[in-house]
Every structure is written in structure tokens, then in C-alpha cells.
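Peer 1: Sequence:
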Amino acid sequence: MTAQAARGSDVGDTKIRGRRAEDRDEIHLYNKREIQLVRGEGVYLWDSDGRRYLDAMSNYGVNVLGHRHPAVDAAIRSQLDKLVSCHQSFYNDAREEFEEALVAHLPASLSRLSYGNSGAEAVEAAIKYARAWSDRRRIIAAEHGYHGRTMGALSVTSGEKHQAPFRPLLAECEAVAFDDLDALAAALPGAAALILEPIQGEAGVNRPAAGYLREVRELCDRHGVLMILDEVQTGMGRTGKLFAFEHEGVVPDILVVSKGIANGIPMGVTVVSEAVAGRVATGAHGSTFAGNPLACAAATATLRTLTGGDMLERVAENGAAFVTALTALNHRAIREVRGQGFMVAVELRERVTPYLRGLQQEGVLALPAGNRAIRFLPPLISEMQHLQTVVETLQRVLERSSKIEG
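In this text, residue positions in the sequence shown follow my numbering: the first is 1, and each later residue adds one.
Bear in mind the hints are in silico, worked out from the structure with no lab data behind them.
Do not take every clue at face value.
In silico lysine-lysine, DSS-like type, Cα no more than 30 Å apart, as pairs [to be verified]:
hint	residue 1	residue 2
1	Lys128	Lys241
2	Lys32	Lys128
3	Lys128	Lys161
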């Protein structure tokens with residue numbers, strides 16, 4: 001055997017060992033895809049066989065600036081040479097820099113924040129702060145909403161499959177129909193807070209009617225209920241604005257942000273009004289790792305890149321063109337195309353798994369949203385040529401499926 005062949009064999013053995021180790025050692029929480037991703041750059045990912053994929057999922061919406069973005073990588077490397085972790089009982093310069101950058105892009109009333117390490121943690125904090133705000137206990141959520149799988153977040157996440165194995169959950173949490181103002185008006189009296197996604201992501205990119213969030217804001221004000229917006233998926237430019245609530249000119253009392261906030265470094269932030277912050281006692285919440293300098297440095301670089309040019313305007317423009325191009329496929333397997341910015345779903349008339357597998361085989365990575373929708377969450381640095389590749393690839397997959405069925 002040649003040295004080159006031996007090296008190739010070693011690489012193959014390493015890949016097999018790595019996959020076997022994950023299958024052997026991990027709790028089976030995820031259905032693994034067939035490939036092992038080992039490298040990323042820009043809008044592309046590579047597997048252990050050296051094959052390149054167009055990333056149309058950005059790690060469930062996390063890598064808003066794609067992979068190995070130079071500004072974010074430089075910030076991380078610089079911070080690595082200084083200080084990686086710093087408990088929040090001490091002041092820190094990287095944390096201060098991030099907070100100043102974030103607050104500059106928030107409405108004046110959203111003036112206080114706390115840190116977590118994920119979207120679910122940030123939602124947990126939001127629920128706690130809502131209950132600290134008054135003596136009310138009830139939290140209203142939306143049917144088909146998704147807010148995470150820790151126990152508090154799970155209590156406001158809709159779906160029997162998510163909740164049933166873990167009951168009893170947090171008491172006095174209930175769900176009403178999404179985009180139904182009459183149902184909401186009936187449920188709000190006496191509640192502490194309402195938590196909503198501006199656009200429901202996991203449920204299939206469900207957009208409410210125009211004006212819905214403005215009406216929700218009015219109802220919450222009328223009944224003295226805090227309005228919590230979960231922008232874990234819709235935030236950080238995903239819809240063509242830094243935050244989705246900007247499209248309707250509303251301001252929540254509590255804002256939850258995560259996923260894209262640090263372009264892949266774990267981080268969550270819960271932002272509240274001064275009135276809510278004033279009801280939260282010192283020591284009422286905390287996290288050892290949260291707000292660490294490394295995550296803050298990455299988040300500052302991410303935020304400045306997102307807001308420093310015309311990226312958000314291009315996301316809005318190219319996202320609309322993407323929806324138009326997908327709709328123009330007009331294939332009988334497609335029931336509907338919907339979305340805003342770079343948050344798009346193609347609802348199918350049949351199960352989504354074969355189509356996701358087909359896209360992957362053709363070199364495009366996408367996500368499910370329920371059993372019958374393909375969800376596209378491409379990096380915000382994607383150009384129209386990349387989105388057109390997604391459209392053309394989906395067209396080939398649909399046509400091939402039609403031939404097989406025929």
C-alpha cells in the first residue's frame with residue numbers, strides 16, 4: 001500500500017470511528033443525517049469526504065454571517081488572547097462594548113438586559129421576569145409556537161409530542177390560536193404576560209396578518225399584560241430588519257434574542273423595560289458562563305457587521321425575490337410558499353423527508369418545519385446567485401420525484 005493510500009485509509013477509519021462514537025455515546029435525541037460536516041467558509045460547508053454543500057440552513061439560523069466570517073473570527077482571536085471567561089459579578093470591557101452596541105439599536109424603552117447561553121435560557125429568564133413583575137401567574141402563548149425545551153420554555157411551547165413525556169410542567173401556562181385576536185382578547189384578562197414569535201418558525205414560517213402585532217400590543221396595554229416577543233429565530237436581521245417587530249412599529253416589554261446574535265458562539269439575551277427590571281431582585285437569576293467576554297466579542301462583531309452597511313436591505317430585497325422564484329416553480333407537490341427576508345418555507349402536499357434528502361444529495365442543506373415543509377434559513381451574506389441555486393436544485397428534486405412516482 002502506498003503512503004497516500006495509507007493516509008486515505010486512516011482518514012476513512014477516523015470518519016467511521018467518529019460516527020460510531022456519536023452513535024454509541026450520545027443519547028438518541030437527534031436523527032443524524034448521513035454526512036459528517038468538518039469545515040465551513042462563507043455560505044458553504046464541506047463533509048469528511050471533501051464534498052461541498054450550499055448552506056441554506058445556517059445551523060438552524062445561527063450562522064447569520066456564514067462560516068469563518070473575517071470580522072467575527074478576528075474578534076474571537078483577539079479576545080482569546082485576553083480573557084475568555086469573566087463572571088458577571090465583575091465588570092468587563094468586552095461585555096460593556098457589546099451592551100453599548102446592542103442598546104444603540106434598540107428602542108429607548110428596552111434598556112436593561114441579562115445574559116444566557118441559548119434561546120431557551122433567555123426564554124426562561126423572560127418567564128421569571130414576567131412573574132416577578134406582578135402577582136399574576138398566568139402566561140399566555142400561541143398554539144404551534146416554539147420557545148425551547150427546558151422546563152419553563154417547554155411549558156409555553158405548543159405540541160403534545162414535546163410536552164406529554166415531561167408533565168407536569170410549569171403551572172398556569174396556556175395557549176391560544178395564533179393570529180386570532182378574538183381568542184387572545186378572551187384569554188388576556190388577569191394574565192401576567194403573553195409570549196409570541198413574530199413569525200412562527202418551527203411551525204412552518206407562519207406569518208400573521210398585517211397589523212396583528214400592533215393589535216396585540218394594544219390588547220396587552222389594555223389588560224396590563226406584558227408583551228414578550230421571542231425573536232430567537234426572527235431576530236438579528238433574519239426578516240430584513242434587525243428585529244421583526246420593527247416591521248410593524250411595535251415595541252415589546254421583553255425581547256428574547258439568541259441564535260444569530262454571536263454567529264455561532266452560544267449566547268442568549270433577555271432585554272426588558274426599566275419597569276420590569278425594577279421588579280427583579282438582585283440574585284433572582286444568573287448563569288456562570290453567560291455574558292462571557294468571548295461570546296460578547298463575537299456578538300459585537302456580528303452586530304456591527306449586520307448594521308454597518310446595506311446587508312439588511314439586501315436581505316429584504318433578495319428574500320422577496322427568493323419567495324417569488326420558489327412560487328414560480330408551480331409544482332403540484334407544492335402547496336404554498338411563504339416567508340419574509342431569509343426565513344422561507346415551502347409547504348408540500350406530502351412528507352418532507354425525501355425532499356430534504358434529495359436536496360442534500362444535490363449539495364444543498366435545508367431544514368424541516370414540521371412534517372410537510374422545507375425551511376430555508378440561509379446565511380444573510382447569501383447573494384441572489386446562491387438563492388437561485390437553491391431554487392434550481394429544488395426544481396430538479398421535484399422533477400425527479402415526479403418521474404419516480406410516474
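Peer 1: With the threshold set at 30 Å, check whether the alpha-carbon distance from Lys32 to Lys128 stays at or below it.
Peer 2: violated (34 Å)
Peer 1: Going straight from one Cα to the other, do Lys128 and Lys241 come out at no more than 30 Å?
Peer 2: holds (28 Å)
Peer 1: Need the status of pair Lys128, Lys161: alpha-carbon distance at most 30 Å?
Peer 2: Holds: Lys128 and Lys161 sit about 25 Å apart, inside 30 Å.
Consistency with the previously given hints fails for number 2 only.
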